[in-house]
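Colleague: Sequence:
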Amino acid sequence: MKRIYFFLLLAGWALQLQAQITEFPYNEGFEEEQFPPSGWLGYPIVGNTEFVRVTVGEWPACLPHDGSVAMAQYNSFNASIGKSAVLIAPELILGDDNVLRFWFYRSEDPSNNRHDKIEVYYNSTPDLEGATLLDSISRAVNFYPVVPAKGWYQYEFTIDNMGSTHIIFKAISAYGWKMYLDDVEVNTSTLDLDPPVVISLDGTQVYAQQPMNLELVVRDVSDMPEMLEGQATIEGDTQVVEMTKTSGTQGDFTYHGTIAGQLDHTEGEIKFWLIDEPGNAAWSDNYPLHWDWVKPILEESFEGEDFPPENWTVTGQPLTWLTWDDYGLVYYTDSDGTEWEVYPPHGQRQAAVEWDFQGNDQNEWLISPPIAITENAVLTFKTFVRLNNYDYDEYLVRASTDGFTWENLWSAADYPAGVSNYDDDITLSLNSYVGQEVRIAWQAYNLYGGNLWYSWFVDDVKIRATDTLVGINKKNDLPVSGAFPNPFSAFTTIRFKMQQAGKVSLNVFRNDGRKIFERIFYALPAGFNEIKIDGTQLPSGFYYYQLQTSGGTFGGKLIRR
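No gaps in the numbering here: position 113 of the sequence shown is 98 in our numbering, and each next residue is one more.
It cannot be assumed that every hint is accurate.
Straight line, CA to CA, 16 Å or less: simulated EDC-like cross-link-like pairs of lysine to aspartate or glutamate [unchecked claim]:
| no. | residue 1 | residue 2 |
| --- | --- | --- |
| 1 | K256 | E214 |
| 2 | K488 | E284 |
| 3 | K280 | D445 |
| 4 | K135 | E290 |
| 5 | K256 | D270 |
| 6 | K230 | E214 |
| 7 | K135 | E93 |
| 8 | K488 | E515 |
| 9 | K155 | E200 |
| 10 | K447 | D410 |
| 11 | K230 | E254 |
| 12 | K280 | E360 |
| 13 | K447 | D321 |
| 14 | K447 | E284 |
| 15 | K155 | E104 |
| 16 | K230 | D187 |
| 17 | K447 | E288 |
| 18 | K230 | E200 |
| 19 | K500 | D270 |
| 20 | K488 | D120 |
| 21 | K280 | E254 |
| 22 | K482 | E503 |
| 23 | K256 | E227 |
| 24 | K517 | E503 |
| 25 | K135 | E43 |
| 26 | K500 | D177 |
| 27 | K155 | E214 |
| 28 | K482 | D445 |
What the hints contain is simulated information worked out from the structure, not anything from laboratory work.
Here the structure is a predicted model, which is why all the values come from computation and not from measurement.
Just need the whole structure built from these sequences, with the hints factored in.
Modeller: As structure tokens, this is what we get:
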């Protein structure tokens, strides 16, 4: 085995000679299917586990940084204590002022917070002999360097090594959870000359009379102040919105602020004065604000930390472990062998009961808390379910005023055979329950007993008064397919859908936050639209696009090959 890896090392050195990097910034996000990427080298030091490329992570659940395609993973979950591997970057010809930045996923599990870690080195040759250790970073949040919560964190190191240099990531297992690495950047200047850039702004559309709790994520390579100011203009009146930093010490910084509730159909806009510690500053773009429609009587999207949600109930057969639970993205193979990727229609989580492939009996219930129906109302929800299936699974929505006697409101068997792939809201009248408290249940079982043969997914549950229904199908303008192709070599196209005609602006930023592309369209039509970006003059690397419409601001990562 040692001889095999010796020859692999020699082959890797040969690749390095062909992959000398002289143009900076140099970026690698592991987006291409080839792994290790061109010019990179990866192999185990102790044991047989190597770094690999993955598009989604489990144990812990993790998606690539910034919603990109892929990331690098070391599977310490299956590697015993002391096993290790390296991932080595191509030869970099550095100057006298160099910086390394990368993103590493920090995770937490009370039963598995072991000391898995990566060590970061640089060397003039692509190996560890004589290498200089920059630092080590633990996977678990409670080990060095301690962080407050799980998530992606950016780490930065200066490299005092001119000329030929190799960056080396060494993963060391403590038989804990897996480790994830993404978006490696090397630059030959540590100076920060650019102002911060907004990555996302959430909470800009709320129900009437509800406070607007804004969450602003800002990216900068330098530190950021504890407070930022926003300038909100609502119905012609301008007010200052104080944004307080709640997390972030490197890379991405999160700020929170609140605007008082407003009347129904109130609109406004907000911009932010963005400044970092070196004093680079600029105004952000303007972002629309909306207060629309009356708050539902019940609203549940299963995004909370606990499942079932507060005052909800899960019950079922005692022998199966596949009862109602919450999930993120699910790779699901049904009993027919058909493979599905089931994404939550909104947010990060969805409720689901999976079919028990071990054959245990299932009769699984997800039950809401009691809801007082004081006026005509409807129940709406979204679902991914096998309709009218021939294996006699029953998927029912039921209602009860006493918790014992249940009335059917909806059945998947009432539809033509097929799959409801979160296509449209299911809308059910609750008018017959006016003046009563009602519980709603989602029940899954098989008519002939035994296990289910398909899984059932539910999300975005709402109960609304009927007189608030005007406009409930109003949707934000959403990019329906993002950028395509992505990664791209010359041109890429941003595709999106608008609910109504209006103004659209598209900005593209470099990885360091500098704006390099801006287009404004003052009157795009409703429906599907496309904006083509000419990237022929752009160097390879990561970029970020920001699309602003009347329905909100959205963005994502672009990868130029």
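Colleague: The structure should be examined with respect to each hint, and the outcome stated for every one.
Modeller: Cross-check of the supplied hints:
no.	hint	result
1	K256 to E214	holds, 9 Å
2	K488 to E284	violated, 31 Å
3	K280 to D445	holds, 14 Å
4	K135 to E290	holds, 13 Å
5	K256 to D270	holds, 6 Å
6	K230 to E214	holds, 11 Å
7	K135 to E93	holds, 6 Å
8	K488 to E515	holds, 14 Å
9	K155 to E200	violated, 35 Å
10	K447 to D410	holds, 10 Å
11	K230 to E254	violated, 21 Å
12	K280 to E360	holds, 14 Å
13	K447 to D321	violated, 32 Å
14	K447 to E284	holds, 4 Å
15	K155 to E104	holds, 5 Å
16	K230 to D187	holds, 15 Å
17	K447 to E288	holds, 14 Å
18	K230 to E200	holds, 10 Å
19	K500 to D270	holds, 12 Å
20	K488 to D120	violated, 48 Å
21	K280 to E254	violated, 21 Å
22	K482 to E503	violated, 19 Å
23	K256 to E227	holds, 12 Å
24	K517 to E503	holds, 12 Å
25	K135 to E43	holds, 14 Å
26	K500 to D177	holds, 14 Å
27	K155 to E214	violated, 41 Å
28	K482 to D445	violated, 21 Å
Hint compliance for this structure: hints 2, 9, 11, 13, 20, 21, 22, 27, 28 are broken, all remaining hints hold.
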